[in-house]
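Following the hints, put chain P in place on chain H, whose structure we already have.
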Amino acid sequence: MNCIELQNLVELLPFDEWAARQLELAERHARTCRACRGLLARAREWESALETLADPVPPSPLAPAVMTRIRSLESTAAPERTSGARRLRREPAPQTDWQLPAMAAAAVTGLGAYLGRLLEGGFALNLGLLASGGWPEGFDVGAMFDPAGVVVAAGVTLYLALRLAAHDEVQERAEP
Amino acid sequence: MVRAIRRGHSDAYAQIVERYQRRLFGLVLMMVKDAGGAEDVVQEAFLRAYTHLDRFDEQRDFYPWLATIAVRLAQNWMSRRSRVRAREGGTETEEADAGGTEDLVAELVDDERGRQLWRLVGALPQGERMAVLLYYRHDMQISDIANALGVTGGTVKTLLFRGRRKLRTMITDGEAESASGQEERA
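So the protein sequences, as listed, match chains H and P. The numbering of the first sequence is our numbering, which starts it at 50 and goes up by one. The numbering of the second sequence is our numbering, which starts it at 1277 and goes up by one.
These are calculated hints, taken from the structure and not from any lab test. Any given hint might turn out to be false.
Unchecked claim - Some chain P residues close to chain H (C-beta under 7 Å, calculated; not the full set): (1) Glu1294; (2) Leu1305; (3) Leu1425; (4) Gly1429.
Since the model is a prediction, treat every value here as computed from it, not as a measurement. The C-beta atom is built at its ideal place from N, Cα and C for all residues, glycine as well.
The following block holds chain H by itself, in its conformation from the complex:
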């Protein structure tokens, strides 16, 4: 690196943006060039002064004012305005009236589809026969444990249970 290249680099980039190789070459050159040594030292000095400069002091402390505003916002805001605090705690969103019946319908449909698979081939499920012992003739026991059907039914039921639990939690929080 020569004097011109070093001056250009100092002018072009802050020290933190220099590549390790550039820094190494600049320092090697500065060891043998008094003018460039001075240039590097001055540039480092004012960049460092800028980084360590004390910040102006606000006329009054801000923390009490900010915290007062936050508490006021949390205690007096309408439900719509408390969305920030709610989001902040990652609480579940309150459900609207149509969601629960819709989820129940989805669960019934899912279970119905599963039972439908059991009844395939004209077999009518007879609970009396089941209770009296032995599987009725023509009943495909294997279909009852069809993995896909079991997964669908279990998933829908679990989802419904979780949503109901979340709904109860939201209702409790909403109460004063």
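Coordinates of chain P only, in the frame set by chain H:
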């Protein structure tokens, strides 16, 4: 700390305000050039950060996110002030904006060397001033600065380059004046 606040310990947020208030106030003051306005903007920035904490990505540093909110609010504040001044028949030029730091920092910065450097930074045009401050004083990367100012990374590099060059010139001129003054007195 952010995790604790998210879990509902809102009082922990006071520590964040304590930690960053001076830093943020210095930044906003250099933008709006009005101590009262800077206080309002900084308060609002802390409040916005709190109410939108769910949007903060914990994998990243908190301060650049907070500073970005403050910069945007300060830009809005300046736009409102410009509109008010325009309605009142006044104008706000870049030169007028770059001046007026003298009185501000005189009361708010403790040491003379610091006051001098703040004045020099305050004398830079707005874009260059912000790029220099965010880079050197707020440890923000070029990409973070670009995001905060709403410009490209290339523009930030140009602003930083120009700002640094002017600052270096002003510092060198100041040192030369100071040296010649000492010689005259001698």
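Verification of the supplied hints:
1. Look at Glu1294(P): its Cβ gets to within about 5 Å of chain H, closer than 7 Å, so that hint holds up.
2. Interface restraint check: Leu1305(P) against chain H, minimum CB-CB distance 6 Å, threshold 7 Å, status holds.
3. Evaluation of the Leu1425(P) hint against chain H yields a violated restraint, the C-beta minimum of about 17 Å exceeding 7 Å.
4. Because the closest C-beta pair between Gly1429(P) and chain H is about 12 Å apart, greater than 7 Å, the hint is violated.
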